[in-house]
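Those protein sequence lines, which keep their order, are chains R and Z. Per numbering that gives the first Met the number 0, the first sequence starts with residue 0, numbered consecutively. Per numbering that gives the first Met the number 0, the second sequence starts with residue 0, numbered consecutively.
It is worth saying that the hints were derived from the structure and are not from the lab. Glycine residues also receive a C-beta, built at the ideal position from the N, C-alpha and C atoms. You may find that some hints are simply not true.
Stated by the list, open to error - Partial chain Z-side listing against chain R, Cβ under 7 Å, derived:
| hint | residue |
| --- | --- |
| 1 | H13 |
| 2 | R14 |
| 3 | H15 |
| 4 | L44 |
| 5 | E45 |
| 6 | Q50 |
| 7 | G51 |
| 8 | A54 |
| 9 | G59 |
| 10 | Y87 |
| 11 | M89 |
| 12 | G90 |
| 13 | A93 |
| 14 | H153 |
| 15 | G156 |
To be verified - For each label pair, taking beta carbons as the anchor points, the in silico distance ranges come out as:
| hint | chain 1 | residue 1 | chain 2 | residue 2 | range |
| --- | --- | --- | --- | --- | --- |
| 16 | R | L78 | Z | K172 | 51 to 61 Å |
| 17 | Z | P178 | R | E76 | 19 to 29 Å |
| 18 | Z | P69 | R | D162 | 24 to 34 Å |
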Amino acid sequence: MPGSAGIIHIFFTAGDNNSVMTIKVLAFAGSPRRHGNSETLLDWVLASMAEDPDVAIEKVPLTEANINICRGCNACEKLNKCIQRDGMDIYHDKIVEADIILLSSPIFCMGIAALPKALIDRMQVFRSRKYVLNLPIVPPERKGKRLGVFLATAGQDWPHVFDAAVPSVKCFYHVIDIKDADISYLMINHVDEKGAIVNHPTAKADATVLGKNLLAELKRRLAAEV
Amino acid sequence: MMTVTVLGISGSPHRHGNTEILLDRFLEGAQAAGASVEKVVLKDLEYTPCQGCNACHKDGNCIVKDAAPPLFDRMMAADCVAVASPIYSMGITAQLKGFIDRGQYLWARRFVTKTLTFSPEHLARHKGIFISTAGQNWDHVFDGAYPSLTALFHDAGFEYYDNIVANNMDTWKGIKNHPTALDEAFRKGQQVVSVLETLKKD
Numbered sequence: 000m001p002g003s004a005g006i007i008h009i010f011f012t013a014g015d016n017n018s019v020m021t022i023k024v025l026a027f028a029g030s031p032r033r034h035g036n037s038e039t040l041l042d043w044v045l046a047s048m049a050e051d052p053d054v055a056i057e058k059v060p061l062t063e064a065n066i067n068i069c070r071g072c073n074a075c076e077k078l079n080k081c082i083q084r085d086g087m088d089i090y091h092d093k094i095v096e097a098d099i100i101l102l103s104s105p106i107f108c109m110g111i112a113a114l115p116k117a118l119i120d121r122m123q124v125f126r127s128r129k130y131v132l133n134l135p136i137v138p139p140e141r142k143g144k145r146l147g148v149f150l151a152t153a154g155q156d157w158p159h160v161f162d163a164a165v166p167s168v169k170c171f172y173h174v175i176d177i178k179d180a181d182i183s184y185l186m187i188n189h190v191d192e193k194g195a196i197v198n199h200p201t202a203k204a205d206a207t208v209l210g211k212n213l214l215a216e217l218k219r220r221l222a223a224e225v
Numbered sequence: 000m001m002t003v004t005v006l007g008i009s010g011s012p013h014r015h016g017n018t019e020i021l022l023d024r025f026l027e028g029a030q031a032a033g034a035s036v037e038k039v040v041l042k043d044l045e046y047t048p049c050q051g052c053n054a055c056h057k058d059g060n061c062i063v064k065d066a067a068p069p070l071f072d073r074m075m076a077a078d079c080v081a082v083a084s085p086i087y088s089m090g091i092t093a094q095l096k097g098f099i100d101r102g103q104y105l106w107a108r109r110f111v112t113k114t115l116t117f118s119p120e121h122l123a124r125h126k127g128i129f130i131s132t133a134g135q136n137w138d139h140v141f142d143g144a145y146p147s148l149t150a151l152f153h154d155a156g157f158e159y160y161d162n163i164v165a166n167n168m169d170t171w172k173g174i175k176n177h178p179t180a181l182d183e184a185f186r187k188g189q190q191v192v193s194v195l196e197t198l199k200k201d
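Bound-form chain R, shown alone (with noise of 0.2 Å):
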């Protein structure tokens, strides 16, 4: 049930009435090999949140999503929905809800994986409502309050292999209101073999810190509403 979990911490802590906000965390897990490098990177992240009792949050892997790819058939332009039937029906009502949006990948071809990239491009019916319906995509209170984490690793060591991957998650980002200035990105390269990532010097504790910062900036934006 999405948002229940938001439900009974209202209720339960309704005497606390500046503190409470269940923050709402949808983490997408993107690589086709379950719990490799990217995905214990987004774990890190997530235990990282978990800690705080204000926090609610989901995991999907994109290998159990059910996400078709986009048929490039612009259908949404008009009717402000995808035509298709499958797991976007369930996220994409989820990532309006969501305050904090992860997106985790690893590095294939030098390019993002398959499957978040058949996310990102299931996007598109954002995309025509934000740009040709010129409807919201979350209500204007809500607008500047999310915040976006792209998560990757890669095998290479180069330093420019995050490059092509980007302009896509930033795409990915855009279309829900969330701005360049509020996307984070941690990437870690040369890591290939599964589980290489534990041995890195710096990823985890970097993945942990990210995990506070993040919502420390968003509680701070979220007090700053009243």
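Given chain R's structure and the hints, the job is docking chain Z onto it.
Quick look at chain Z alone, frame taken from chain R:
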């Protein structure tokens, strides 16, 4: 014996759209220059994305048996391959990326098992061309696509010979209204076949 073979691979989920029309025009140019031309539409093939299992790092073979490895075989048997994809979200389509990622076993043969090498002569005689259209008018709209095409062409033994790209489809209202792209594609189809014919004679 000397016929140049050209394989077009269409990576658009949208049949007969701007990108496929541009690819068709390239293939018509190649055919007009005497090449034997074939086209494959990825949409019609059944293949899964790469599973990232790295099994190919052991013996250079993909453990997933579907339409992807036979298409790599066909591609590598051609003198010229023209790979086409529209730009979706600043990159190639998931469909084409799904196919390119499956070429990991070729990379493994080159760099892990070291059972696959291409001589400079081989690379010169095998030309890879990327064909694309984008709705956006930005000049850099194709930049995110090139590195993955580079990976594909290099792992399959092709020189990355040229791009035939046309942006701003949203303003042109389709490739058929573009002032130069279709003629350029036809001309480049003719030219690459003529270049390859000369190389094959040497």
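> Can you name, in rising order, the numbers of the hints this structure does not satisfy?
Replying inline: 2, 3, 4, 5, 8, 9, 14, 15 and 16
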